[in-house]
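S.K.: If you read the protein sequences in the order shown, they are chains A and B.
Under my numbering, the first residue of the first sequence is numbered 1, with each subsequent residue one higher.
Under my numbering, the first residue of the second sequence is numbered 1001, with each subsequent residue one higher.
Since the hints were made in silico from the structure, they are not lab data.
Where a beta carbon is used, it is the ideal one built from N, C-alpha and C, also for glycine.
Per the computed footprint, the stretches of chain A lying under chain B, defined by three or more beta-carbons under 8 Å from a beta-carbon of chain B, are: (1) 33-41; (2) 86-95; (3) 100-107.
In silico DSS-like pairs for lysine-lysine, Cα to Cα no more than 30 Å straight-line: (4) B:K1114 - B:K1070; (5) B:K1104 - A:K70; (6) B:K1003 - A:K83.
Label pairs and their computed distance ranges (CB to CB): (7) B:N1058 - A:N26: 32 to 38 Å; (8) A:G16 - B:T1031: 41 to 47 Å; (9) A:D38 - B:Y1064: 25 to 31 Å.
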Amino acid sequence: DGGITQSPKYLFRKEGQNVTLSCEQNLNHDAMYWYRQDPGQGLRLIYYSQIVNDFQKGDIAEGYSVSREKKESFPLTVTSAQKNPTAFYLCASSITGGSPLHFGNGTRLTVT
Amino acid sequence: AQKVTQAQTEISVVEKEDVTLDCVYETRDTTYYLFWYKQPPSGELVFLIRRNSFDEQNEISGRYSWNFQKSTSSFNFTITASQVVDSAVYFCALSEALTSGTYKYIFGTGTRLKVLA
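Chain B with its partners taken away, still in its complex shape (with noise of 0.2 Å):
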C-alpha cells in the first residue's frame, strides 16, 4: 500500500542555518507523483511543488531546493539560509492513479519546523 513517512516530527533551527526535511515514500506503481506542502499557523495549505516520477532533477527555487531520489524512495526538501516566515508545518504527499482512473493522494504526518530569531 501507498505510504509517505516524515520520521521528523518538529525541527528547530535558529535563523540563517540550513534546514533538511525529510520524505520516504512507499508505492507499487511506476508512474506517481509527489508533492510538497506548507501549511503556515492560519491553517491553509500552500502547494510548493510537484515531481512525477520519471523527472529525478533536482530542483531549486530560490532558498528552496528538493531532492528526490528514486533509488532510496525519497523527495527531501532543503531550506537555505532559514527564516522565521518558513516556520510552518511541512508535508510531504504522494499521489497516484487508481483502477478507476481517479488519483487518491496520501499525506505524512508533517513536519513542524520553528525558526528561531
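Pulled out of the complex, with its shape left as it was, chain A reads as follows (with noise of 0.2 Å):
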C-alpha cells in the first residue's frame, strides 16, 4: 500500500544536538511539507518542496533544515538553533497543487 512513512516515532535527544526526521513517500507526489503541532497552536508550516532539488521556508523556518534530493524522500533536521524544539512534527505529500494532503504518522520529539 501506499502511503508515507515517517521514523522514528518517538525521538529523544539532548540539547544541543542536531536530529534528523525521516520522511518517505511512495505515492509518487510531487510535493512534500514539513509541519510542527504544539498544543493549542495547530499545524504550522516549516518547509515546503514542490520539486526534487527546491524547497521553500514556510512560517516558522529558523532552525530548521531539509532536503529533497530524491522524490520520494524530505528529510527535516532539527538544529541545535531551534529554541523550542520539543514538539509532534508531521510530514505531508500532495499529488498536485490543491489536492488533499497525506500525512504520515508524526514523529514525537523530546529535547531534554
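Got two chains here, each in a separate frame; can you build the complex from them with the hints?
M.R.: In C-alpha cells form, the structure reads like this:
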C-alpha cells in the first residue's frame, strides 16, 4: 500500500544536538511538506518542496533545514539553533497543487 | 495574508447530539481550496473533504455535512447524531497557489471534540 512513512515515532535528544527526522513516500507525489504541531497552536508550516532539489521556507523555518535529493524523500533536520524543538512533527505530500495532503503518522521529538 | 480561524477550542457533547464545528477563512485569491481533517488520538491526520472556491454546494456524507458560504468566508462542519468514535481534533485548512506555482496549506488551530457516552 502507498503511503508516507515517518521514522522514528518517538525521538529523544539532548539539548545542543542536531537531529534528523525521516520522511519517505511511495505515492509518487511531487509536493512534500513539514509541519510542526504544538498544543493549542494547530499545524505550522516549516518547509515545503514542490520538486526535487528545490524547497521553500514556511512560516517557522528558523532552526530547521531540509533537503530534497530524491522525489520520495524529504528529511527534516532540527538544529541546535531551534530554541524550542520539543514538538510533534508531521510530514505530508500531495499529488498536485490544491489536492488533499496525505500525512504520515508523525514523529514526537523530545529534547531535554 | 491567508488565515484560518477555528474559534472553538474544545466542544463537549453527549452521544447522539448534533454538533457544528466552525471555520472562518481569509484569502485574497478567487481560486482556493478548503479542507477538513480529523486527527484521532493516534496522531495521523485523516482527510475528510475538499471544496474548491467555485463550488458552494453543501455536501453530505453519512452523518457528516459541510456548509460552504463564500459570503461569510465560512466552511462549517456538522456531525449529526454524534458518536464516541467522533472524538478527535478537527482541523480546517486553506490551500492557495503562490506565484511560484507551488501551493501553500494553512491550518486552523483545531477544535477538540469530545463525545460523551
